[in-house]
Amino acid sequence: MTTETLERAAPQAAPADEFNPIQDGQRLMKAWYADLEQAKARGQKVANVFVMGNAIEILRTFDFQLVFPEINSLQTGVKKVSEGYLRESEDYGYSPDVCSYVKADVGLILRQQKHPAGTIPHADIAITSNMCSTFIKWGEIWERMLHTPTFTLDLPGQRGSNWQVRRGDAQHMADSQWVESQFRDLITRCENITGKRFDFDKLAQVQDRVNRMVYHWNNVMALNRVCPAPYNAMLDGLTYIGIMNVYRGTEEGVEYMRRLEEQLRAKVARGEGRVKEERFRLLFSGTPCYVSMRRLVELFESWGGVFAYSDYLTFAAGGMDAGEMVYDTSRPLESLAEISALAAQRGLSNQFFAHERLAQQIKEYDVDGVVFHGIKSCRFVSSGMADTRNYLNQRMNIPSLYVESDLIDPRYWSDAQIKNRVDAFFESLHQRGGPPPLARAQAAIANGSAQ
Numbered sequence: 243m244t245t246e247t248l249e250r251a252a253p254q255a256a257p258a259d260e261f262n263p264i265q266d267g268q269r270l271m272k273a274w275y276a277d278l279e280q281a282k283a284r285g286q287k288v289a290n291v292f293v294m295g296n297a298i299e300i301l302r303t304f305d306f307q308l309v310f311p312e313i314n315s316l317q318t319g320v321k322k323v324s325e326g327y328l329r330e331s332e333d334y335g336y337s338p339d340v341c342s343y344v345k346a347d348v349g350l351i352l353r354q355q356k357h358p359a360g361t362i363p364h365a366d367i368a369i370t371s372n373m374c375s376t377f378i379k380w381g382e383i384w385e386r387m388l389h390t391p392t393f394t395l396d397l398p399g400q401r402g403s404n405w406q407v408r409r410g411d412a413q414h415m416a417d418s419q420w421v422e423s424q425f426r427d428l429i430t431r432c433e434n435i436t437g438k439r440f441d442f443d444k445l446a447q448v449q450d451r452v453n454r455m456v457y458h459w460n461n462v463m464a465l466n467r468v469c470p471a472p473y474n475a476m477l478d479g480l481t482y483i484g485i486m487n488v489y490r491g492t493e494e495g496v497e498y499m500r501r502l503e504e505q506l507r508a509k510v511a512r513g514e515g516r517v518k519e520e521r522f523r524l525l526f527s528g529t530p531c532y533v534s535m536r537r538l539v540e541l542f543e544s545w546g547g548v549f550a551y552s553d554y555l556t557f558a559a560g561g562m563d564a565g566e567m568v569y570d571t572s573r574p575l576e577s578l579a580e581i582s583a584l585a586a587q588r589g590l591s592n593q594f595f596a597h598e599r600l601a602q603q604i605k606e607y608d609v610d611g612v613v614f615h616g617i618k619s620c621r622f623v624s625s626g627m628a629d630t631r632n633y634l635n636q637r638m639n640i641p642s643l644y645v646e647s648d649l650i651d652p653r654y655w656s657d658a659q660i661k662n663r664v665d666a667f668f669e670s671l672h673q674r675g676g677p678p679p680l681a682r683a684q685a686a687i688a689n690g691s692a693q
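Quick note on numbering: my numbering labels position 256 of the sequence shown as 498, and the sequence is numbered without any gaps.
Because the hints were derived from the structure by calculation, they are not lab data.
Take every hint as true, because none was put in to throw you off.
DEER-style ranges, computed between Cβ atoms: (1) D396 x E260: 44 to 52 Å; (2) Y334 x T361: 17 to 25 Å; (3) R637 x T394: 30 to 38 Å; (4) Q684 x K444: 48 to 56 Å; (5) D629 x D411: 23 to 31 Å; (6) I264 x D570: 31 to 39 Å.
Straight line, CA to CA, 30 Å or less: simulated DSS-like cross-link-like pairs of lysine-lysine: (7) K356 x K321; (8) K282 x K321; (9) K618 x K379; (10) K438 x K272; (11) K356 x K272; (12) K509 x K605; (13) K379 x K321.
The model shown is predicted, which means the values in this text are computed figures rather than measured ones.
The beta-carbon is built from N, C-alpha and C at its ideal position, and this holds for glycine as well.
Assemble the whole structure, with the sequences as input and the hints as a guide.
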């Protein structure tokens, strides 16, 4: 099968009453874009937000229609039209080294907001944060080109290696009060924009739905610790995390995650894995290459390798994939600040102290090797990979592979080069020997029973 046919192959149709996470995810994304296109006609206010470090719960309380610029940009890559947007922004004056998400968005602006999925409305407010330094500069572009008012959240992150703030301690409470004061300022801004009074009860309702979504999402993540893994974290997982972000705090999002968990549990019960014969369990570190992600996954799955976990699913969820990320709906605003402070630390630690999280996930997901994906236009994610890779190799003797391309720029994808590196990586894994994942899992069960 060629790359072209793999990318364009349509998923098999499922019976009307059967849940298909890919098809249902695509349906929900199309519905979101349709709502975006009609937002202004409905008189609905619009807000730009990022997947990390946002204030979605507050914005939903005011009934804002949400625009996710990163998702708009990556969708141009998925739909194979990103290069045109990128070249247009470069012709306008942006360097090839600038984040390709940003450049695709500039191209969108230059094309009068015409996106392959529909027309994207101009935002009435944009929420940026320090979760990625690019977010703040991106907001400045909207201010300059579209005169969009912006609001920047300053979220405290991790202070040093092996450092962790614990919920309820003095540092966490100080961080939470700092975040809460910013949320109160944002609420005032939203009241002025919408003409509505802030409703604490409505915020609590949104938080309850987020709690339910996060509960199912955590269970979905945990199910991939089973061998064989029921889904591929860097293919199926990209659809799941898209719904987790776009429909966060909605009943549609809760129902999708509930049915997803239900389906994956059924697959686990049947012993059904993502790949027919799981021979290697892998961890993917970094952001995807959306223009060729299916092809990349195919290269690994052809060797029996499955991505059981990816740190992308942590930082793309803004750090919300943890059991302690539960809102106390009896005190909604204070709890929102407390959880936001914890989630920011968790999300940022995946960038600045990635070795600590990866070491933990390697053990939990019984990983045979780590794949690092360096992004040409994203130094924020890529700059520390060499140090992290060296740490894991020396401290844990974990083999790793480093490949480089880009988020959505097809000019940095070299199929032959990446295939050669993937093949060499699996040959080295074969030479290490050792039992396959299923045999290891069975031995662990047997040892546990014996004890």
